[in-house]
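The primary structure of each chain is shown beneath.
Number of protein chains: 2
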Amino acid sequence: MELGPPGGAGPAEPGPRLRGLRGDDRAASAAWLSEASAGRRAPSVAAVLPAGGSGERMGVPTPKQFCPVLERPLISYTLQALERVCWIKDIVVAVTGENMEVMKGIVQRYQHKRISLVEAGVTRHRSIFNGLKALAEDQPNSKLCRPEVVIIHDAVRPFVEEDVLLKVAIAAKEHGAAGAIRPLVSTVISPSADGCLDHSLERTSHRASEMPQAFLFDVIYEAYQQCSDYDLEFGTECLQLALKYCHTKAKLVEGSPDLWKVTYKRDLYAAESIIKERISQQICILMDAKEDEEHVGRCLEEMLKKELNHVKVTSGALCHAGRDLQQIILEQCYNFVCVNVMTSDFEETRKLLNALEESNLSILYPVVVISVHFLDYKLVPFGQKMEHLMQIKEFAKEVKKRNILLCGLLIYYPQE
Amino acid sequence: MELGPPGGAGPAEPGPRLRGLRGDDRAASAAWLSEASAGRRAPSVAAVLPAGGSGERMGVPTPKQFCPVLERPLISYTLQALERVCWIKDIVVAVTGENMEVMKGIVQRYQHKRISLVEAGVTRHRSIFNGLKALAEDQPNSKLCRPEVVIIHDAVRPFVEEDVLLKVAIAAKEHGAAGAIRPLVSTVISPSADGCLDHSLERTSHRASEMPQAFLFDVIYEAYQQCSDYDLEFGTECLQLALKYCHTKAKLVEGSPDLWKVTYKRDLYAAESIIKERISQQICILMDAKEDEEHVGRCLEEMLKKELNHVKVTSGALCHAGRDLQQIILEQCYNFVCVNVMTSDFEETRKLLNALEESNLSILYPVVVISVHFLDYKLVPFGQKMEHLMQIKEFAKEVKKRNILLCGLLIYYPQE
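Sequences listed follow chains U and X, in order.
In this text, residue positions in the first sequence follow the numbering used here: the first is 36, and each later residue adds one.
In this text, residue positions in the second sequence follow the numbering used here: the first is 36, and each later residue adds one.
Note that these hints are calculated values from the structure, not bench results.
A portion of the hints provided could be inaccurate.
[Claimed, not checked] Heads up, simulated DSS-like pairs for lysine-lysine below, C-alpha to C-alpha not over 27 Å straight-line:
id, chain 1, residue 1, chain 2, residue 2
1, X, Lys124, X, Lys178
2, X, Lys296, X, Lys279
3, U, Lys340, X, Lys300
4, X, Lys168, U, Lys311
5, U, Lys347, U, Lys435
6, X, Lys300, U, Lys300
7, X, Lys178, X, Lys168
8, X, Lys340, U, Lys300
9, X, Lys436, X, Lys311
10, X, Lys386, U, Lys296
As the structure is a prediction and not an experimental result, all values here were calculated from the model.
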């Protein structure tokens, strides 16, 4: 076991990668990742995604994981949610033979990383088992390593956040197994044979078992090797297998409402609206000034924060903010405001445009960049500033070919 | 009991009112309604809607039943779904004192009928109990009558169809209690005290208990009168009360996926998309020719059926189709094609426009009417037809003030 170092990108760089985690999670993640620096190795983590379902409940011919949401297959959003978590080293996706080429096409088109495809089984459990087998086989030619912890997630739960992945992984390391749960939305009842109510369950003493779940690899692999054909055919709950065959009581982790599973057509509608909202509401402000500096640029930032839900700010020159920016791009922020306080040229904007072009973020949706420049009319001659600004037209024409929409904004103000 | 005849609009007219029911349901409904003609009275049915919730799971300050969906409060869609079922005589809505005026405003603005408002209690069960009390009290001044069967539904399940309402009402008449159920989406687990998995439930032997539910009024009223304060404070399941206090085992009725409860913000997104789709995909074709007639108008009809999901057709002159049309308007169809085969004037279109204006359907969304006219160039002089058609401009200008968009379409064809 523990054959590989965790996460190709290196676990010793927690800083910018942990954006979006709340206080406690950030601390937990830092602790988790700092095991490496303490001389112990942080546990290696892989993920298995069963994606062999037919989606019959959806009422559409396409399996739901391949249904388009804003013209992009649902599973691609889920893969993106997993691959932006740097400490998940491998992502094994189980796909049916007939969808294998479709899946390869998706991985290629959306440039997913760290993905391995295996053939799905005829049931969910068999698909997961196939994924685990691929991770277990330490063959010389395989690029997969047997991980210490394996996360199992659904292809049709696209909004999983790093914090819950981290929580289940940490809990699995400690307890052997862990899974996300949610309160029940409806009362659960048990029908009698004649289709009448036998009894109803106390809603407060039950929970819905959701995904992700995580396991010590040895525990869940052992459970799958031991379990019966009946389990593999008719079972659905991995936590139950770990309990039944390895006597491992899973730790239950309260998940957020985001974890819901796309099951019906209405869920696709909901997913689409959520993604639309994210794209339109998320904005990244880059400012070439220190965070504690008072400036008219800060006022702009405060105003935007009032108007929009998700404002991310990264300060300092781009060469320093580069890692932050990479992460923000990875999280699919499509709106950027580049505030230039220190300089009057386009160096910073140009760096941002380069980073965006390299990321290929604009393959699917246009990226909007607003380059903001301030002109204190007492200090800078108007003509000189304008001359610079006219260059933006040329930039705009150039980047528009790559689906990046660039606008220039000149704010003319007196310093007092 | 059985004080009033069922449904003010009369149960002996099942024809156009049963549109949208599938074969079996139509038969069942016809049987149910024909009890009247057989000398027995059909059971009187009322509905109770608890709408006192605060919607804390939604993460928004407005209680979810009042959240706007396409600018209209969610509860208004639910009321509409109930009031278009003619055999539900009274609809009692339990609203908190602070939202009473809001609710009155909604009833007035969207012209809801057969609604009575009562004060909600602090829990769901107390709200339902208040609704039942209002129905039980046969006071001289009250316009409410004690029904034989009462349907309990949620204000936040706007897409309930007549067929499931009918099924639970019929089952309640027979069994004393009935409720809609759905398969579980997630496995249900029971946690131990230390937050670990104790056991998971067999998914196939459990169901989610949804709404609507229906009861013999005496059964559920008795159950509420008997039940403990603890039940009223912490319980949520009406079927359970009927079982516990009246030993009535509810019949379980398989519901459609539409029955889901708007719980989270994503559900509002889904509701919005479903309503949008319904508005854009539903079209009503009115044709002034007999159904078995061969005509180019029929070809148009066939073409539209191929392109759109929900095409309703009503044939014969509007004076005969009036009842069908009323029902279609009640179901909120916003798109109309008026095909004029027999006449070359606008009498039929004008009748449709009058019916639409009277219905106030266009209060919220524009109604689109396309008036189609055929011109066999061998039979009718072109100039004469055109003259008639120019009148449509005047009509269009007039009705546009009332948010009805009228277009004329002239199809010029040789009869062979």
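Are the Cα positions of X:Lys340 and U:Lys300 separated by 27 Å at most? Holds. X:Lys340 to U:Lys300 sits at ~22 Å (cutoff 27 Å).
Straight-line Cα separation of U:Lys340 and X:Lys300 no greater than 27 Å? Judged against 27 Å, a Cα distance of about 22 Å means the pair holds.
Agreement of U:Lys347 and U:Lys435 with the hint, judged by alpha carbon distance not exceeding 27 Å: Since the Cα atoms of U:Lys347 and U:Lys435 sit roughly 24 Å apart, the hinted pair holds (cutoff 27 Å).
Straight-line Cα separation of X:Lys386 and U:Lys296 no greater than 27 Å? 48 Å, violated
Agreement of X:Lys300 and U:Lys300 with the hint, judged by alpha carbon distance not exceeding 27 Å: Judged against 27 Å, a Cα distance of about 16 Å means the pair holds.
Quick one, are X:Lys168 and U:Lys311 close enough, alpha carbons at most 27 Å? 46 Å, violated
Taking 27 Å as the top limit, are the C-alpha atoms of X:Lys296 and X:Lys279 close enough? Satisfied, since the Cα-Cα distance of roughly 25 Å is no more than 27 Å.
Taken at face value, is the distance from the CA of X:Lys178 to the CA of X:Lys124 at most 27 Å? 11 Å, holds
X:Lys178 paired with X:Lys168 [C-alpha distance capped at 27 Å]: 14 Å, holds
Straight-line alpha-carbon gap X:Lys436 to X:Lys311, limit 27 Å: 23 Å, holds
Checked against the numbered hints given earlier, this structure breaks hints 4, 10; the rest are met.
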